[in-house]
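Let the hints inform the model, and build the full structure from the sequences given.
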Amino acid sequence: MHKVYRRIEQIAGNVVMLEAEGVANGELAELTTPRGTSLAQVIRLDGKRAYLQVFAGSRGIPTDAQVRFLGHPMEVSFSDALLGRVFDGSGSPRDKGPRLGGDQIAIGGPSVNPAKRIIPKNMVRTGIPMIDIFNSLVESQKLPIFSVAGEPYNPLLARIALQAEVDVIVLGGMGLKHDDYLFFRDTLEESGALSRSVLFIHTAADPTVECLMVPDICLAVAEQFALQDKRVLVLLTDMTNFADSLKEISITMEQIPSNRGYPGDLYSRLAARYEKAVDFEGAGSITVLAVTTMPGDDVTHPVPDNTGYITEGQFYLRNGRIEPFGSLSRLKQFVNGKTRGDHRTIMDTMIQLYAGYRETLEKQAMGFRMSDWDRKLLKYGQQFEGRMMDLSVNIPLEKALDLGWEILADSFTPEETGIPSKITDSFWPKKSAADEPKEEEEEEEEAAATA
Amino acid sequence: MSENIGKVVGVNGNLLQVAFENPVIQNEVAFARTGDLRLKAEVIRIRGRVAELQVFEDTAGVKVGDPVEFTGDLLAVQLGPGLLGKVYDGLQNPLIDLAEQCGFFLQRGTYLPPLEADSKWAFTPVAKAGDVLTAGETLGTVPEGIFDHRIMVPFSFLGKFEVISVVAEGEYRADATIATLRDAKGNEREVTMLQRWPVKLPITAYAERLRPTEPLVTKVRIVDTFFPVARGGTYCIPGPFGAGKTVLQQVTSRHADVDVVIIAACGERAGEVVETLREFPELTDPRTGRSLMERTLIICNTSSMPVAAREASVYTGVTLAEYYRQMGLSVLLLADSTSRWAQALREMSGRLEEIPGEEAFPAYLESVIASFYERGGVVRLKDGSLGSVTIGGTVSPAGGNFEEPVTQSTLKVVGAFHGLSRERSDARRYPAIDPLDSWSKYGSVVDADDLRAARTILVNGNDVGQMMKVVGEEGTSLEDFVLYLKSEFIDAVYLQQDAFHAVDGATDAERQKFVFGRLVSGLNQSLGFDDKTQARSFFQRLTRTVRDWNRAAMDSDEFKQIEDTIKKMVTEVATYA
Numbered sequence: 009m010h011k012v013y014r015r016i017e018q019i020a021g022n023v024v025m026l027e028a029e030g031v032a033n034g035e036l037a038e039l040t041t042p043r044g045t046s047l048a049q050v051i052r053l054d055g056k057r058a059y060l061q062v063f064a065g066s067r068g069i070p071t072d073a074q075v076r077f078l079g080h081p082m083e084v085s086f087s088d089a090l091l092g093r094v095f096d097g098s099g100s101p102r103d104k105g106p107r108l109g110g111d112q113i114a115i116g117g118p119s120v121n122p123a124k125r126i127i128p129k130n131m132v133r134t135g136i137p138m139i140d141i142f143n144s145l146v147e148s149q150k151l152p153i154f155s156v157a158g159e160p161y162n163p164l165l166a167r168i169a170l171q172a173e174v175d176v177i178v179l180g181g182m183g184l185k186h187d188d189y190l191f192f193r194d195t196l197e198e199s200g201a202l203s204r205s206v207l208f209i210h211t212a213a214d215p216t217v218e219c220l221m222v223p224d225i226c227l228a229v230a231e232q233f234a235l236q237d238k239r240v241l242v243l244l245t246d247m248t249n250f251a252d253s254l255k256e257i258s259i260t261m262e263q264i265p266s267n268r269g270y271p272g273d274l275y276s277r278l279a280a281r282y283e284k285a286v287d288f289e290g291a292g293s294i295t296v297l298a299v300t301t302m303p304g305d306d307v308t309h310p311v312p313d314n315t316g317y318i319t320e321g322q323f324y325l326r327n328g329r330i331e332p333f334g335s336l337s338r339l340k341q342f343v344n345g346k347t348r349g350d351h352r353t354i355m356d357t358m359i360q361l362y363a364g365y366r367e368t369l370e371k372q373a374m375g376f377r378m379s380d381w382d383r384k385l386l387k388y389g390q391q392f393e394g395r396m397m398d399l400s401v402n403i404p405l406e407k408a409l410d411l412g413w414e415i416l417a418d419s420f421t422p423e424e425t426g427i428p429s430k431i432t433d434s435f436w437p438k439k440s441a442a443d444e445p446k447e448e449e450e451e452e453e454e455a456a457a458t459a
Numbered sequence: 033m034s035e036n037i038g039k040v041v042g043v044n045g046n047l048l049q050v051a052f053e054n055p056v057i058q059n060e061v062a063f064a065r066t067g068d069l070r071l072k073a074e075v076i077r078i079r080g081r082v083a084e085l086q087v088f089e090d091t092a093g094v095k096v097g098d099p100v101e102f103t104g105d106l107l108a109v110q111l112g113p114g115l116l117g118k119v120y121d122g123l124q125n126p127l128i129d130l131a132e133q134c135g136f137f138l139q140r141g142t143y144l145p146p147l148e149a150d151s152k153w154a155f156t157p158v159a160k161a162g163d164v165l166t167a168g169e170t171l172g173t174v175p176e177g178i179f180d181h182r183i184m185v186p187f188s189f190l191g192k193f194e195v196i197s198v199v200a201e202g203e204y205r206a207d208a209t210i211a212t213l214r215d216a217k218g219n220e221r222e223v224t225m226l227q228r229w230p231v232k233l234p235i236t237a238y239a240e241r242l243r244p245t246e247p248l249v250t251k252v253r254i255v256d257t258f259f260p261v262a263r264g265g266t267y268c269i270p271g272p273f274g275a276g277k278t279v280l281q282q283v284t285s286r287h288a289d290v291d292v293v294i295i296a297a298c299g300e301r302a303g304e305v306v307e308t309l310r311e312f313p314e315l316t317d318p319r320t321g322r323s324l325m326e327r328t329l330i331i332c333n334t335s336s337m338p339v340a341a342r343e344a345s346v347y348t349g350v351t352l353a354e355y356y357r358q359m360g361l362s363v364l365l366l367a368d369s370t371s372r373w374a375q376a377l378r379e380m381s382g383r384l385e386e387i388p389g390e391e392a393f394p395a396y397l398e399s400v401i402a403s404f405y406e407r408g409g410v411v412r413l414k415d416g417s418l419g420s421v422t423i424g425g426t427v428s429p430a431g432g433n434f435e436e437p438v439t440q441s442t443l444k445v446v447g448a449f450h451g452l453s454r455e456r457s458d459a460r461r462y463p464a465i466d467p468l469d470s471w472s473k474y475g476s477v478v479d480a481d482d483l484r485a486a487r488t489i490l491v492n493g494n495d496v497g498q499m500m501k502v503v504g505e506e507g508t509s510l511e512d513f514v515l516y517l518k519s520e521f522i523d524a525v526y527l528q529q530d531a532f533h534a535v536d537g538a539t540d541a542e543r544q545k546f547v548f549g550r551l552v553s554g555l556n557q558s559l560g561f562d563d564k565t566q567a568r569s570f571f572q573r574l575t576r577t578v579r580d581w582n583r584a585a586m587d588s589d590e591f592k593q594i595e596d597t598i599k600k601m602v603t604e605v606a607t608y609a
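Protein chains in written order, with the working numbering: chain A, 9 to 459; chain B, 33 to 609.
These are computed hints drawn from the structure, not numbers from a lab. Note that this is a predicted model, so its numbers are computed, not measured. Hints may contain errors.
Mimicking SDA-like on lysine to any residue, the simulated pairs with C-alpha atoms at most 20 Å apart in a straight line are [to be verified]:
#: 1; chain 1: B; residue 1: Lys600; chain 2: B; residue 2: Gly549
#: 2; chain 1: B; residue 1: Lys95; chain 2: A; residue 2: Ala114
#: 3; chain 1: A; residue 1: Lys430; chain 2: B; residue 2: Glu595
#: 4; chain 1: B; residue 1: Lys592; chain 2: A; residue 2: Ser429
#: 5; chain 1: A; residue 1: Lys371; chain 2: B; residue 2: Glu506
#: 6; chain 1: B; residue 1: Lys592; chain 2: A; residue 2: Pro428
#: 7; chain 1: A; residue 1: Lys129; chain 2: B; residue 2: Gln282
#: 8; chain 1: B; residue 1: Lys599; chain 2: B; residue 2: Asp587
#: 9; chain 1: A; residue 1: Lys129; chain 2: B; residue 2: Val279
#: 10; chain 1: A; residue 1: Lys346; chain 2: B; residue 2: Asp587
#: 11; chain 1: A; residue 1: Lys430; chain 2: B; residue 2: Ile594
#: 12; chain 1: B; residue 1: Lys232; chain 2: B; residue 2: Gln58
#: 13; chain 1: B; residue 1: Lys118; chain 2: B; residue 2: Gly135
#: 14; chain 1: B; residue 1: Lys501; chain 2: A; residue 2: Gln372
#: 15; chain 1: A; residue 1: Lys129; chain 2: B; residue 2: Phe532
#: 16; chain 1: A; residue 1: Lys56; chain 2: B; residue 2: Pro99
#: 17; chain 1: A; residue 1: Lys129; chain 2: B; residue 2: Asp587
If the Cβ cut is set under 10 Å, some of the chain A residues that face chain B in the computed set are [to be verified]:
#: 18; residue: Glu35
#: 19; residue: Gly55
#: 20; residue: Pro81
#: 21; residue: Gly117
#: 22; residue: Leu170
#: 23; residue: Gln171
#: 24; residue: Thr308
#: 25; residue: Arg329
#: 26; residue: Pro332
#: 27; residue: Glu367
#: 28; residue: Glu370
#: 29; residue: Lys371
#: 30; residue: Arg377
We treat Cβ as the ideally placed atom computed from N, Cα and C, and that holds for glycine.
Printed below as a string of structure tokens:
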């Protein structure tokens, strides 16, 4: 039987220290106080002293609390019965369902051997043209959504979850508002997707330490599903809260902070989680989409900055739209060459011209005369924003590409786009005689209005 | 087995405090035993009777009182035939063999031999009995892929050695004795095809170090023409995330005109290594017609793999590069990214509670970076042949701000700086090397006068562009406007390059010389236009045509046709005053 200790020497932040023997680094303990029982994890050993991070927080812990070491690291039970269930950050049920038995799996397991990974090859279609055309999401990709608080990132996440063709959805909420948690649960339930989802939710009201556990638990569960040949989509919201919890713990542990109070190993800590995204050779895959809110819309803040270096691209959500500049899917070239011959051309050209449009907008704002070329760009930019960038646009990739050509042909001649002639010859829309005159009239009116 | 055993007294992340009794060596390798596992570690500080060890693995489960074996050896790599084509982690564990043994995951505490001792190699002797040799001189060769792999007097042998015997031509195991040598004191030593060398010490078994002068062609136009790299030189690519550092490195690893490429993926994404891993065996090296993998060696310690091994990985990479340099080959080491390695230093320094320098990086950061890049160079070997190690390192500055310690320390020691800019990558102008901020101290592949002319156009055109943002197009003279269009034109058709296009993706030196010469001579003519609209539309058409030209193979009819079209287009607007 495990020995029980009853003398805590130090309590600082959420970390308690006691003298104990035979304790292993990373081992789990149960801490019982008159108010209840919480789990705690060994995070440092120094001679006889063991430092434990208490999941439920240290508030109300007496120095004679009962501490019992369990002899194993943090584990979570895994079985198919997880599907449709909601848990909290320490793995206890948050819905009214029973506690689960089944296999116990360790969380935060070893990293995948790069030799066992394969080059991702499947596109995850979302029906959002700004993703599908310009920055295709790819199975096994890890991608954050950079956003300011207040942007509709959770609805976007939910929409991708529902439309993406995957077998299992694992949702991890960190510091989630209770309303948002209910929003996710209800949205998944209404669409019937809850039966293939598992939710691990830490709400803003829960103890900080549990927030740290959420990504590891989610990814450990996802890994097990993926090894059973399932395609898993992991949604994490919001990773900035996770990083802030790390900061809190490391400062409590008196570590030297590196940048704005964050620990020096922030990069490695984030990477260890994101790198769980994988396409296994001969088994399933894990795709990770994570929200990172940017404090003060500052992408150089340590959390988005380190994240950007780890993930395979990023989506910027700004003013309710996915920004074409800065947004990037690093894996897109693995899939967008196999969709349709004009995919890459449309992708590059539309963005280059849109950049021109932005410059022209600046010129316009400064009161410069608009040249013919400027007017063309202005017309194009407005069409692009209205018909393509709007998040409510929900069309399959092929339709979106056709729409792209339509928008280009409305504003430019083939030469002006700079697209190689071989491609314009076969894809440039041939205007049907019937509706041409009417459209032209409208455009002229618009052009006149802007001039 | 070593009998020097210590005892764990503290665990803090991957830092162990170990009490010891017998002498220990700074930077020696030790193994922490916990349960059935043996975790590799390195001594990094000694205080009184307590040694502090950084463990190259996760330390979960380690208990106070666990035994630690000190080995007495510094962290070393194994050198010998069969390295090329291999994929190692930062500690030279063969990852493909590990996958066979352990499956999907990297189980900690599992270490496999880097080279198969029982592999057989066809040995041809070069030295003969009675020869007097020193470290690094050739005893014989074995064929390894496209190269003659030299079996040398081990680099650790100090002084002169007389060859007593060398085995005859034939097949031998890698671990079989192939020669017996006698040192000045009369001690006999047996030599196999394998030897070990500590990674943190440079291999210096050469005659002299030379100045790098010959250009190393990467087939990236903006690099070779504007910011060239020399064989044996060093360069760095700092850039914010998403600016294309890794794509640039990957393109270079494919097309660079060198014998051996060593890719040290240090603390970056696993997916990127996988690309190389899966694609290279399928690709052919245009120089040799063989698989690209035969000239490539991958060291990969990706971001989720243990942090302490990250530091080891760049040293492992450069040591292996030096080994192949000793065979008279030109080797390119691509390290992606040196910032991750610096961060690993920072993490460790924090755990050691050292007084932090700028941004909490340790104070010795600068000297560590300098001594790493100094391992690049061209050398004349003892047999007179030349070998080189070229080092290209990416830097990932926090927030994309080049004023941070890692970028600044690196810029002090490298010979070329390819600064990637967020502005260019946002505008999809790839490769996003900033043509105005970057620099190189090495010689270009194109004509120096042409280069000067093009630079002037770029700089002045950019000035006009900046001015135009303030005064508008109507406030700009036609002459200035044309200059601006010219600079945009050079940018669009020469600086930008489609890395994924078969022809455009790789432009060799000859083509660069030819195309660049043509473009500059065209732009040097004075071009007459009636107004800005005409000028703009002319350059739009010209840009498009030259882009088509870039996509045509140089020996094709199409290339010739487009060249004529371009000539005609320019002649039509040229004014001969």
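Tested hints:
1. Lys600(B) with Gly549(B): holds, 17 Å
2. Lys95(B) with Ala114(A): holds, 18 Å
3. Lys430(A) with Glu595(B): holds, 18 Å
4. Lys592(B) with Ser429(A): holds, 17 Å
5. Lys371(A) with Glu506(B): With a Cα-Cα distance of about 11 Å, the restraint between Lys371(A) and Glu506(B) holds, given a limit of 20 Å.
6. Lys592(B) with Pro428(A): Roughly 18 Å separates the two Cα atoms, so the pair holds.
7. Lys129(A) with Gln282(B): Distance ~19 Å between Lys129(A) and Gln282(B) Cα, so the pair holds.
8. Lys599(B) with Asp587(B): At roughly 18 Å apart (the allowed maximum being 20 Å), Asp587(B) and Lys599(B) satisfy the hint.
9. Lys129(A) with Val279(B): Judged against 20 Å, a Cα distance of about 18 Å means the pair holds.
10. Lys346(A) with Asp587(B): violated, 29 Å
11. Lys430(A) with Ile594(B): holds, 14 Å
12. Lys232(B) with Gln58(B): holds, 12 Å
13. Lys118(B) with Gly135(B): holds, 18 Å
14. Lys501(B) with Gln372(A): Since the Cα atoms of Lys501(B) and Gln372(A) sit roughly 11 Å apart, the hinted pair holds (cutoff 20 Å).
15. Lys129(A) with Phe532(B): At roughly 16 Å apart (the allowed maximum being 20 Å), Phe532(B) and Lys129(A) satisfy the hint.
16. Lys56(A) with Pro99(B): Holds, because 16 Å separates the two Cα atoms, which is no more than 20 Å.
17. Lys129(A) with Asp587(B): violated, 34 Å
18. Glu35: holds, 8 Å
19. Gly55: holds, 6 Å
20. Pro81: Since the shortest Cβ distance to chain B is 6 Å, the answer is holds.
21. Gly117: Constraint on Gly117(A) satisfied, holds at 7 Å.
22. Leu170: violated, 26 Å
23. Gln171: Since chain B brings no Cβ nearer than about 24 Å to Gln171(A), farther than 10 Å, the hint is violated.
24. Thr308: Interface hint status for Thr308(A): holds (3 Å vs cutoff 10 Å).
25. Arg329: violated, 16 Å
26. Pro332: It holds, given that the least Cβ distance between Pro332(A) and chain B is near 9 Å, below 10 Å.
27. Glu367: Constraint on Glu367(A) satisfied, holds at 8 Å.
28. Glu370: At 7 Å from the nearest chain B Cβ, Glu370(A) passes the 10 Å test, so the hint holds.
29. Lys371: holds, 6 Å
30. Arg377: With a closest approach of 5 Å, the Arg377(A) hint holds.
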